[in-house]
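Asker: Letter by letter, the chains look like this.
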Amino acid sequence: MRQEIVITGMGIISALGNNRENTLIALREQRSGIAPVARLQTIHSLPVGEVKYTDAEMMRLLHLPETAVTTRTSLLGTIAVEEALRQANIPNPAGALRIALISGTTVGGMDRSERYYFDFLTNDTQNDYLFTHNCGACTELIADHFGIFSFVDTVSTACSSAANAIMTGAQLLGSGRADIVVAGGSECLTQFHLNGFNALMILDPEPCKPFDANRAGLNLGEGAAYLVMETKRNAEKRQAKPLCGLSGYANTCDAFHQTASSPEGDGACRAMRHALAFAGLLPEDVDYINAHGTGTQNNDLSEGKAIERVFGKNIPPVSSTKAFTGHATSAAGGIEAVISILALLHNFIPVNLNFQHQIEELNFEPYSRQTPGNVRRPVNHVLSNSFGFGGNNTSLVFSKIPECGRNKIYLSSAKQISVQPPLTDSWMDAPIHCQDRYVRAVDPDYRQYFSPNEARRYGKILKRALLVSRRTLDEAGIQNPDAIITGTGFGCVENTGLFLNAMLREGEKFLQPTHFMQSTHNTIGSLIAIDRQSYGYNSTCLHKGISFECALLDAYIQLNNKQIQTALVGAHDEMTPNYYRFLRQTGYFDDCCFSGETAVAMLLSAEKGDKTLCLLEEIEMVYTGNITEYQFLNDFRFLKESDEIDAVMTGIGGNRANDAVYRDICSALFPNKKLLRYKHLFGESYTAPAFGVYAAAICLLQQRIPAHLFTDPGNGEQKGIKKILCYSQFEGKTHSFILLSSC
Amino acid sequence: MEHLILRLKEEIIEVLNLEDIKPEDIDDNAPLIGDGLGLDSIDVLELIVLLGKNYGINVKEASQGREIFQSVRVMAEYIRANRTK
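These protein sequences, in sequence, are chains E and X. According to numbering that gives the first Met the number 0, numbering within the first sequence proceeds without interruption in unit steps and concludes at 742. According to numbering that gives the first Met the number 0, numbering within the second sequence proceeds without interruption in unit steps and concludes at 84.
Treat each hint with caution, since some may be false.
Unchecked claim - Pairs of lysine-lysine residues, derived as DSS-like cross-links and limited to a Cα-Cα distance of at most 27 Å, are as follows:
hint : chain 1 : residue 1 : chain 2 : residue 2
1    : E       : 561       : E       : 607
2    : X       : 21        : E       : 459
3    : X       : 84        : E       : 508
Just so you know, these hints were derived from the structure itself, not from any lab. Keep in mind it's a predicted model, so treat the numbers as computed, not measured.
Excised from the complex, chain E in its bound form (with noise of 0.2 Å):
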């Protein structure tokens, strides 16, 4: 099983800054760390990204004595990942813990053999520089700092180092050998490669231009960026918090030049396709593409048509944001990871600075101030992008995921239709109980809610649909709901009767297609967003007497997961008399009961808002099949803690069957529990449930029971409640439990 990799602690050192706080400024601010080289001993007055400090300063940060043998990019490693042990609580010394550092590098110890050259050749008196040259010492020189590592290794995969060392974490700790990885990158500048670099030709004498037509290529930067990463369970154990997690991850390989990338961006289209793969995520998913983005002729025209293979035409905004930091090369995945994960955790983009014009060969321009409708929206996946030299792609993407605990969902206006005062629920004070076993919902006169021409199609559940799912909205003040999720247990059965009735008598030669439309199942939901215009998820559940129940799951994850914010739920049954005598035949109606029709749309959203009914705690569902023995629902943890739940809303009031196994099972999980019903005021279907839930609802908003809601009413009203727990279950095999509290 694949473990779920969370990110805990990060740290960073760059041109922007010594630490996460001063990045997060200089990106908002939108101020480049890129300045004339200062530092490092150079003919070439480049614009370059340094870090403002020296060696001596960082030496004294880290509190180390001046004789102590350190190289520039241990020095800078060393910061990034004290920072991010800090931030993770990683205890020191580590006891049990298995902790391993993986640094990503290609510079190394370069800055001191560049130093010390001549010493080497001459004398012996640098030679604790010779082993310091190695990247794998930089590596341990940062590891010796801290004591706690129990396990090493470097990576080097020139540009792409730091993001593939991050990849490697996420294998070493979901093969389980390790409890903790700590993966990043340092690079520090040297002459060496800035030499390098400016031979390939491709430093701009300017501070770069990524993404812009005129682009003249990069500017180098330094810098160190490390995350702490561990599987999800292991964050849970030691109760550290998780910042992100990161979802997906993929490293290929162009196959096509040592150092440039192919011009249709193969390998970085393979890299983000199977990161995405990896993730579960599909490309409309991602908020924000952190791209590689040097500024290079060559990188920035192949990068972007690969983003445009993968994304096509809808494009999330693309920054680089090597325009703030230079290129850190082997640190720039790390510093880039944590620019990523900042601008999840602060719903923001960062702007890809210097661009004025758009690269002709590409559709899209990067996301940057001349952008329009800058403003702040949810981030919830970013994917970023490393590619180094030998067609060396990596993508990486970063996912937010819900808190350790529950996030707060609220029920946040609901409206019903049915044999009750349509549209108001003065049912609380003047409930019509069921008089007729074959109840029909009490319509409104629609032809105030709708156009002739609208209305005269619609079969009645669509009206009540629509009808009762505008009036949740509008009352939510919501014009469009992220998602638009229906239970329905039976369907459109009116339409669908019509239809199947004129095929069965009068053969297959004229059969109505506006029949036939209005019997697919989800025609509901497809209405519902067609009225609203709601372009977002839109789904339908139809399995038996828990559709409602599954349409509420389905709302309550992806709202738990941030996938969404608002969501609108609706149950919708209609019945017609044939539909009632065949239901009759199987005994799910009998001489007992009322058969209802339902009409309920409510709205689920992350914020509270002033109609605001209560807060939906917690759903669970569970299918028991032919197992009897009902004990073992006593599991479900809510229920653990029923001391404070004040009521049981019921499914009593169906058929003497149904109403046996409730009785059963409710003796058994709440043997003390005032039992609630519904039944008897809005009948039995099998999407019934939702209007117990729309009931306690509005209970929890009016914080009081009212005496017809019990199964014994002599109990009378009472007051002052502040949980309800929803129970339903479906021939006994399948159960719902659904808890409501008051806000």
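Using the hints provided, position chain X relative to the given structure of chain E.
Answerer: Chain X in isolation, oriented as in the chain E frame:
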């Protein structure tokens, strides 16, 4: 012809469930689709079913509908020329 037009109007009202509309509300020469009665592509399909069911006319392509349903009068003329029952 006038008898056929009246009968056709009653049939259209019934099959398309045009509540609140009486035969005299429908202008013989006004377009049925779009502007006039505001009918759409699904209604065109419904009217094609009506032609088949009540007049024995087999319309093969939905695209023919636009021509046939220009107005009630055009529709009536089409029926008179093509009806098989």
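Asker: Hint by hint, where does the structure go against what was stated? Just the numbers, ascending.
Answerer: Result: no hint breaks.
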